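Participant: As given, the protein sequences belong to chains Y, F and A, one line each in that order. Under our numbering, think of the first position of the first sequence as 1, with each following residue one higher. Under our numbering, think of the first position of the second sequence as 1, with each following residue one higher. Under our numbering, think of the first position of the third sequence as 1, with each following residue one higher.
Note that these hints are calculated values from the structure, not bench results. Note that the structure is predicted; figures quoted are calculated from it, not measured. Hints are not guaranteed to be accurate.
Heads up, the list lumps identical chains together, so a pair's fine if it works in one copy or across two of them.
To be verified - Mimicking DSS-like on lysine-lysine, the simulated pairs with C-alpha atoms at most 27 Å apart in a straight line are:
1) LYS117 / LYS90
2) LYS60 / LYS117
3) LYS60 / LYS81
Listed below are the residues making up each chain.
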Amino acid sequence: MSIQRFHSGPRMSQMVVHNDTVYLAGQVADNAGATADVTEQTAQVLRQIDALLAEAGTDKSKLLSATIFLPNIASFGAMNKAWEAWVDAKNTPARATVEARLAGPEYLVEIQVVAAK
Amino acid sequence: MSIQRFHSGPRMSQMVVHNDTVYLAGQVADNAGATADVTEQTAQVLRQIDALLAEAGTDKSKLLSATIFLPNIASFGAMNKAWEAWVDAKNTPARATVEARLAGPEYLVEIQVVAAK
Amino acid sequence: MSIQRFHSGPRMSQMVVHNDTVYLAGQVADNAGATADVTEQTAQVLRQIDALLAEAGTDKSKLLSATIFLPNIASFGAMNKAWEAWVDAKNTPARATVEARLAGPEYLVEIQVVAAK
Numbered sequence: 001m002s003i004q005r006f007h008s009g010p011r012m013s014q015m016v017v018h019n020d021t022v023y024l025a026g027q028v029a030d031n032a033g034a035t036a037d038v039t040e041q042t043a044q045v046l047r048q049i050d051a052l053l054a055e056a057g058t059d060k061s062k063l064l065s066a067t068i069f070l071p072n073i074a075s076f077g078a079m080n081k082a083w084e085a086w087v088d089a090k091n092t093p094a095r096a097t098v099e100a101r102l103a104g105p106e107y108l109v110e111i112q113v114v115a116a117k
Numbered sequence: 001m002s003i004q005r006f007h008s009g010p011r012m013s014q015m016v017v018h019n020d021t022v023y024l025a026g027q028v029a030d031n032a033g034a035t036a037d038v039t040e041q042t043a044q045v046l047r048q049i050d051a052l053l054a055e056a057g058t059d060k061s062k063l064l065s066a067t068i069f070l071p072n073i074a075s076f077g078a079m080n081k082a083w084e085a086w087v088d089a090k091n092t093p094a095r096a097t098v099e100a101r102l103a104g105p106e107y108l109v110e111i112q113v114v115a116a117k
Numbered sequence: 001m002s003i004q005r006f007h008s009g010p011r012m013s014q015m016v017v018h019n020d021t022v023y024l025a026g027q028v029a030d031n032a033g034a035t036a037d038v039t040e041q042t043a044q045v046l047r048q049i050d051a052l053l054a055e056a057g058t059d060k061s062k063l064l065s066a067t068i069f070l071p072n073i074a075s076f077g078a079m080n081k082a083w084e085a086w087v088d089a090k091n092t093p094a095r096a097t098v099e100a101r102l103a104g105p106e107y108l109v110e111i112q113v114v115a116a117k
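Please put together the full structure from these sequences, using the hints given.
Facilitator: This is how it looks when you write it as structure tokens:
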């Protein structure tokens with residue numbers, strides 16, 4: 001049994017790998033302050049997910065599940081625009097999307113994924 | 001390491017199997033437009049989960065965890081009525097239930113499960 | 001493939017172990033009625049998680065992921081105070097925290113974790 005942690009701080013790790021399962025922290029946009037556009041924030045979150053998965057030696061074609069939190073469910077379409085431009089259309093994960101307020105009002109989307117490696 | 005995807009579209013898959021762990025997408029009732037009854041919608045969702053698990057060669061006795069989202073937490077009891085009529089009482093999963101608005105106002109419950117196979 | 005269930009009732013189990021992955025039910029404070037303090041309820045929830053993990057033969061140093069639900073996201077700091085006093089700072093899990101109303105108004109925090117054993 002092996003556990004590897006990435007970008008670990010005293011509160012949380014951004015990624016934890018257990019055997020061949022990869023758990024990511026909920027990702028919010030690093031540049032949230034600079035954009036109030038859900039599509040752009042989603043694209044930024046997905047770039048962060050790409051970078052984390054790459055550190056674990058895997059990629060978006062091995063996504064298993066995704067949970068997406070939107071503070072306003074009315075932005076479902078705007079989030080999906082960035083999601084569908086990014087996701088590997090032949091290898092899409094199981095997914096759930098619900099409305100939930102996030103840790104700060106500047107965040108318009110949070111995405112938490114589990115992947116294989 | 002093996003990954004199998006079921007009912008895959010360009011946005012998401014309804015089920016992804018990784019080795020012997022089965023991740024389902026959040027399920028909402030296919031017949032949501034036809035009923036505004038939480039108990040009936042929950043029963044429908046659970047039938048959909050049965051059908052998906054069967055495709056993966058497993059069943060509800062191997063549920064590991066369930067996350068239940070209700071747009072109105074006051075319907076907790078009505079949801080549980082269908083849940084308890086369905087779940088294998090000797091093999092119940094770990095579960096969390098919280099309030100969250102869903103992708104469309106017609107949906108009164110969404111259930112996301114992880115199972116073994 | 002092995003599945004072990006702990007504190008199982010006809011609705012849910014408090015913990016399910018699948019091979020070397022441990023899924024806990026969302027935990028709310030057993031003493032919720034006695035305290036309206038988020039920090040204290042969080043500390044209580046984390047003690048419950050310690051006790052469950054111990055029954056599975058594991059502990060908080062092997063946490064993989066945590067999902068935290070707060071009925072009022074404004075209590076994010078008060079929750080983190082108890083979280084950071086508890087979590088193994090060298091072995092922190094991936095984490096997501098969002099706002100969601102819980103099954104009863106007395107509950108000020110719910111935490112659902114996945115661990116390795």
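Participant: Taking 27 Å as the upper bound on the Cα-Cα distance, should LYS60 and LYS81 be classified as within, between, both, or neither?
Facilitator: within (17 Å within a copy, 34 Å between copies)
Participant: Given a CA cutoff of 27 Å, do LYS117 and LYS90 count as a within-copy pair, a between-copy pair, both, or neither?
Facilitator: both (17 Å within a copy, 23 Å between copies)
Participant: Under a CA distance limit of 27 Å, which applies to LYS60 and LYS117: within one copy, between copies, both, or neither?
Facilitator: both (10 Å within a copy, 24 Å between copies)
The structure meets every hint from the earlier list without exception.
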